[in-house]
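Whole structure, please, built from the sequences with the hints as guidance.
There are 2 protein chains.
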Amino acid sequence: MHDTNRAIAGHDEKHFQSGELVRDVVIGMSDGLTVPFALAAGLSGAVSSTHLIVLAGMAEIAAGSIAMGLGGYLAAQGDAEHYASERTREEREIVERTRDEEEEIYEIFEEYGVERSESASVLEALKRNPTAWVDFMMRFELGLEEQEKGRARQSALTIALSYIAGGFVPLLPYILMGQASKALVVSVGVTLVALFTFGAVKGRLTGAGAWKSAFQTTLIGGVAAGAAFGLAKLLNKM
Amino acid sequence: MHDTNRAIAGHDEKHFQSGELVRDVVIGMSDGLTVPFALAAGLSGAVSSTHLIVLAGMAEIAAGSIAMGLGGYLAAQGDAEHYASERTREEREIVERTRDEEEEIYEIFEEYGVERSESASVLEALKRNPTAWVDFMMRFELGLEEQEKGRARQSALTIALSYIAGGFVPLLPYILMGQASKALVVSVGVTLVALFTFGAVKGRLTGAGAWKSAFQTTLIGGVAAGAAFGLAKLLNKM
Numbered sequence: 006m007h008d009t010n011r012a013i014a015g016h017d018e019k020h021f022q023s024g025e026l027v028r029d030v031v032i033g034m035s036d037g038l039t040v041p042f043a044l045a046a047g048l049s050g051a052v053s054s055t056h057l058i059v060l061a062g063m064a065e066i067a068a069g070s071i072a073m074g075l076g077g078y079l080a081a082q083g084d085a086e087h088y089a090s091e092r093t094r095e096e097r098e099i100v101e102r103t104r105d106e107e108e109e110i111y112e113i114f115e116e117y118g119v120e121r122s123e124s125a126s127v128l129e130a131l132k133r134n135p136t137a138w139v140d141f142m143m144r145f146e147l148g149l150e151e152q153e154k155g156r157a158r159q160s161a162l163t164i165a166l167s168y169i170a171g172g173f174v175p176l177l178p179y180i181l182m183g184q185a186s187k188a189l190v191v192s193v194g195v196t197l198v199a200l201f202t203f204g205a206v207k208g209r210l211t212g213a214g215a216w217k218s219a220f221q222t223t224l225i226g227g228v229a230a231g232a233a234f235g236l237a238k239l240l241n242k243m
Numbered sequence: 006m007h008d009t010n011r012a013i014a015g016h017d018e019k020h021f022q023s024g025e026l027v028r029d030v031v032i033g034m035s036d037g038l039t040v041p042f043a044l045a046a047g048l049s050g051a052v053s054s055t056h057l058i059v060l061a062g063m064a065e066i067a068a069g070s071i072a073m074g075l076g077g078y079l080a081a082q083g084d085a086e087h088y089a090s091e092r093t094r095e096e097r098e099i100v101e102r103t104r105d106e107e108e109e110i111y112e113i114f115e116e117y118g119v120e121r122s123e124s125a126s127v128l129e130a131l132k133r134n135p136t137a138w139v140d141f142m143m144r145f146e147l148g149l150e151e152q153e154k155g156r157a158r159q160s161a162l163t164i165a166l167s168y169i170a171g172g173f174v175p176l177l178p179y180i181l182m183g184q185a186s187k188a189l190v191v192s193v194g195v196t197l198v199a200l201f202t203f204g205a206v207k208g209r210l211t212g213a214g215a216w217k218s219a220f221q222t223t224l225i226g227g228v229a230a231g232a233a234f235g236l237a238k239l240l241n242k243m
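Chains as they are written, first to last, in this note's numbering: chain A, 6 to 243; chain B, 6 to 243.
Fair warning: there could be bad hints in the mix.
Intra- or inter-copy, both count: the list cannot distinguish identical chains.
Simulated crosslink set (DSBU-like; lysine-lysine; CA at most 35 Å straight-line) [claimed, not checked]: (1) Lys242 / Lys132; (2) Lys187 / Lys154; (3) Lys238 / Lys217; (4) Lys242 / Lys187; (5) Lys132 / Lys238; (6) Lys238 / Lys187; (7) Lys132 / Lys217; (8) Lys154 / Lys242; (9) Lys154 / Lys132; (10) Lys132 / Lys187; (11) Lys187 / Lys217; (12) Lys242 / Lys217; (13) Lys154 / Lys238.
Think of the hints as simulated: they come from the structure by calculation, not from any bench.
As structure tokens, then:
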């Protein structure tokens with residue numbers, strides 16, 4: 006019934022991996038298409054040569070891709086360490102503080118109106134199998150899920166490369182053309198089409214609806230670029 | 006026992022809200038301190054006047070804060086809609102496809118080695134209380150949690166303002182000084198101290214460890230700024 010959610014929630018290993026990949030591409034490309042686009046548009050409101058815009062755009066892509074990629078890597082690594090340390094703690098606690106942990110199982114079920122007499126048989130089953138008990142506590146008490154091995158590195162690379170790929174779309178007209186005001190027009194056209202297409206694909210893959218996501222993604226890029234353009238024009242006059 | 010996690014997982018309403026707030030400040034400020042810093046450092050490798058650097062930096066802060074804030078708002082709104090539609094679906098299914106939903110409960114428990122005879126009493130208890138049954142399915146089958154009302158708007162504002170606050174730290178020396186190479190030195194000094202302090206506070210609040218987080222946060226900013234600086238210098242020679 007809930008095929009999409011089951012896939013995303015990880016019931017199917019293959020779907021799960023591609024779901025995570027899609028998520029990382031979306032994270033990187035959303036910002037990559039938007040921020041360098043807006044920065045280049047903003048600078049076009051202030052300088053006439055594309056040289057400096059390309060320079061600033063490339064510096065932004067380098068900075069943004071590293072900040073997002075490395076930031077994502079360290080966050081994922083931190084999650085993995087947190088999972089491992091909490092798991093070790095649970096493993097110790099079901100042995101050393103068995104009564105407290107039993108109490109916690111009862112309390113989880115009581116939140117859903119299940120009486121102690123009714124959840125006792127589940128507790129007995131979990132106590133037969135300590136690994137399953139720890140698995141159960143990790144997921145239902147702490148809400149933590151184990152990551153795949155190598156996830157942090159793959160995620161960081163995917164996010165960074167998607168950011169770079171996205172960032173080159175708005176920048177390419179500035180690289181190929183000499184005059185900023187003309188490159189701006191081409192860049193706006195190309196990037197709005199790219200944002201719309203990307204939003205539509207994203208909406209279809211995540212189940213949020215192609216049209217809605219296409220409009221929202223284009224809106225974010227447009228508003229950010231418009232604000233950057235206006236601000237740069239204003240500052241340049243000061 | 007698991008006070009930190011319980012607070013983060015939302016067992017305590019007050020702790021939960023401040024946990025979300027901290028998370029949003031961290032998201033916005035991490036990128037706000039890093040990307041404008043790296044962009045300004047990169048441009049310092051290519052231009053001598055601070056005027057253009059301030060212009061590019063302000064355009065970046067405008068673009069980045071809007072992209073992150075608006076992006077976060079729409080993502081949170083999408084999650085809320087997804088939760089509501091899945092909840093409606095579950096509410097319908099426990100009435101119309103009761104047998105399938107019962108089967109799903111058994112399957113959840115079987116993953117943890119709990120036999121059907123042992124989980125039957127929990128199922129009976131959930132069937133007494135349809136709201137609790139739906140709550141249970143939302144959390145344990147689908148892994149979805151309900152957001153607070155107004156969460157999306159508050160989250161978007163917090164992220165955007167934190168990005169702006171973070172972004173002004175590296176930019177201030179360029180605003181106050183005329184020569185890019187001198188402003189760069191001050192900006193690097195001020196921002197590395199800010200990254201280190203921010204990393205330490207973040208590490209303490211999230212429980213990841215103050216020193217470790219301080220070094221990691223400083224590393225990301227330093228690597229991103231170094232790469233942007235080198236790339237801009239290289240491109241400027243071409």
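Broken hints, by number
1, 2, 5, 7, 8, 10, 12 and 13
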